[in-house]
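Chains as they are written, first to last, in our numbering: chain A, 919 to 1392; chain B, 919 to 1392.
Treat each hint with caution, since some may be false.
Since the list can't tell identical chains apart, any single copy or any two copies may satisfy a pair.
With a Cα cut of at most 30 angstroms, we get these calculated BS3-like pairs of lysine-lysine [claimed, not checked]:
1. K1162 / K1048
2. K1262 / K1322
3. K1143 / K1262
To be clear, the hints were calculated from the coordinates, so they are not data collected in a lab.
Here's the letter readout for the chains.
2 protein chains.
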Amino acid sequence: MNIASPLVAPLSPELIARFTAIVGARHALTDPAELEAYVTEERNLYRGHSPLVLRPGSTAEVAAICKLAHEARVALVPQGGNTGLVGGQTPLNGEVVISLKRMDAIREVDLASNTMTAEAGVILQTAQEKAASVDRLFPLSLGAQGSCTIGGNLSTNAGGTAALAYGLARDMALGVEVVLADGRVMNLLSKLKKDNTGYDLRDLFIGAEGTLGIITAATLKLFPKPRAVETAFVGLQSPDAALKLLGIARAEAAGSLTSFELIAEIALDFSVRHAHNRDPLQARYPWYVLIELSSMRDDARGALEAILERGLEDGIVDDAAIAASLQQQEAFWKLREEISPAQKPEGGSIKHDVSVPVAAVPAFIDEANAAVTRLMPGIRPVPFGHLGDGNIHYNVSQPVGADKAEFLARWHEVNSVVFAIVLRHGGSISAEHGIGVMKRDELPGVKDPTAMALMRSIKQMLDPHGIMNPGKVV
Amino acid sequence: MNIASPLVAPLSPELIARFTAIVGARHALTDPAELEAYVTEERNLYRGHSPLVLRPGSTAEVAAICKLAHEARVALVPQGGNTGLVGGQTPLNGEVVISLKRMDAIREVDLASNTMTAEAGVILQTAQEKAASVDRLFPLSLGAQGSCTIGGNLSTNAGGTAALAYGLARDMALGVEVVLADGRVMNLLSKLKKDNTGYDLRDLFIGAEGTLGIITAATLKLFPKPRAVETAFVGLQSPDAALKLLGIARAEAAGSLTSFELIAEIALDFSVRHAHNRDPLQARYPWYVLIELSSMRDDARGALEAILERGLEDGIVDDAAIAASLQQQEAFWKLREEISPAQKPEGGSIKHDVSVPVAAVPAFIDEANAAVTRLMPGIRPVPFGHLGDGNIHYNVSQPVGADKAEFLARWHEVNSVVFAIVLRHGGSISAEHGIGVMKRDELPGVKDPTAMALMRSIKQMLDPHGIMNPGKVV
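Please build the complete structure, drawing on both the sequences and the hints.
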């Protein structure tokens, strides 16, 4: 089945006027200088262009935009905080951008039901802070949280550092409000944990990267705010040792283990040298793990110490530091969060957001290191990520002194080598960042053919004119 | 949009022969005596009829059956353990039954990835026991676990008593294998927690009650087996007191609270008198709560005592018994599980499996009690269920001495009154049992119209000839 090709003809002045009338002139941008922030993205990996950015202020306005776009066959790219890493939010073919950022109301916080109903444009950090202000936790947590939005988080099914305990964005939404491609509004907002009335439509739109409709609001789960949070930075010899330590942590503190991040020495080194973070340990080790426990009772410290003691006894842990203050906890996390930006001064970096079954992580890293080195001697693997979820950000920095552009030109070649190993281990080529445009061409090669055909049928059914984020995902 | 009408013409001998050839004569039943167990259900609420029951032994056989049924326009009803409570598994219009019970292999247990890949026909209890035998927990737990199957659990998105901590069946499956209506096999089996490669197709089939395709296998999550499980039976004055105790339990033991069941005095009374269970407390109380904590550390007892002490101090808890042995724990649970069967000697019972936001449970029960009593003086509400999930089994027993048939004839009338209150509280008319045929006519009245239209479009797309479990859900 062919997905309808989007019609991205130059917009007539009449159509621009009709779109503008929906949101008001102040919120319809056509000035190239104003458009710039919407057609580019932080890493300069993707650069788009657009005749028009619309900033609707309500679900009704989003619906009116979609209805008109559907009728007039105008392609749309929905955009939240514009922090996506696979080009999903960029108007690569001159599409109209529909920015959800003005829809930033928190419609309701219901403490009795432990829910927050937030519009798509609410910044993740704002949602976290709102939850904290009422003694609750909204656990989704990722590097871009200061600018990414709830709508984008759900559309990409974001993961992050707390997924180990709380799941992905999908798991944190009880319900969504969606505007379909033809402008119909579907209200699936719900405070219910249990609702078996028919097909699960919510999950069709979560993770669809704006290709099936636009998520305009969501009912989010809130959790009790942990009373005790304890963080340790651990030095060890190998991913295998880290995996054993994960086993110990699960056995000692299953319910309280909220993060278990693996960090290669070179990643720590970059973060220390280029982002000026402090090395928490006295000596250097080949690998590190950042562990966090969160508990409603005051037992997290004891549990963390028990884990580290068993790790030392079993010869798995070489050294460890427990954060003595909130400040130190934040310093540990800053070191972790700044690995990716700290790669920049080292030249080009080719990235892979992959997952394999947790037990296969050590073998995957070994094999991938060997394979990329065979492909390009001197290449520098910088693996780090969410070991507890089997999700490794397998980034590779260019060889020292190599030409950055030449290195980056081999992006897909390096990808292919790494993805082949991922697939051999039954893994995923996109663990948490999504498909977007970056991995669209790879998708048919890794997806069950019936599943691929079904995805295309669903796209065709929900967006027959192909106006919703064309050229992304399917 | 009209869903295609299933063609349930009397099967020609030639078609019966072709279906029989797929599974072999031993596994194609046509003898009415042998069919009986497949066309009836335990409560005698639904009685169907069928010319043929097929018992395939493999995914390939299921695929061949569906392909033939699709081509020949023969309606199918997939069936697992035949324990469903909404008639979803009954061939009400003479459909061919496809029983998955022979597909009962546990294909793999992967301790490193904490997964079990089980075929659809594996009995839930067998899956639990298999997990326990390798020191793991498969937490799905419900009354019918001795006969219901994994395929049925997933197709109905079963809930049960551990949903508070572990979620519904949906949350326990990483991936599924599905045979589509036209016989295509879709392999979405996966050991990955994180996989953002395209649309979430898995969740479309989970909870679809066999109307979109047949789940033939699933990769299930395994959890660490708790070291300590502590259970308490608590007497208190009202659902409101129970809700306050839930708040305390969440604050004291968020990560370890695995069950929080509400029981009305009359429900306990029925279970004690008719199922010969022992009342765990010395005196009678208007309401009861069954609390269970599970922990990886040996702190569950302390946490449970802390919860009960705070409850006593705050005047919420009247009396409580902590199970002193595994035997006593089992006795507490038996009392709870046997409430529904213990209603039988009291005459007819009209049942509602509903959910409302947790905070609204006390108001819902008050209002529902008043409304059904207005409708039928002397009617006896027997509410119990999963308070922690807002999911109440709002059963009502007939007035003492009333005519059972006359009472049951008012099933939908009583439903309407109760459902109206559920909807006023933003609740669901089917929390965990599904829609099946029982609530099919109610669904359009409670579902967002766009969602309803989308469900029909999906059904039409995946099952254009309407052969998969016709007349159920949509």
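Tested hints:
no.	hint	in the structure
1	K1162 / K1048	between (37 angstroms within a copy, 24 angstroms between copies)
2	K1262 / K1322	within (11 angstroms within a copy, 77 angstroms between copies)
3	K1143 / K1262	neither (36 angstroms within a copy, 44 angstroms between copies)
Violated hint: 3 only; the structure is consistent with all others.
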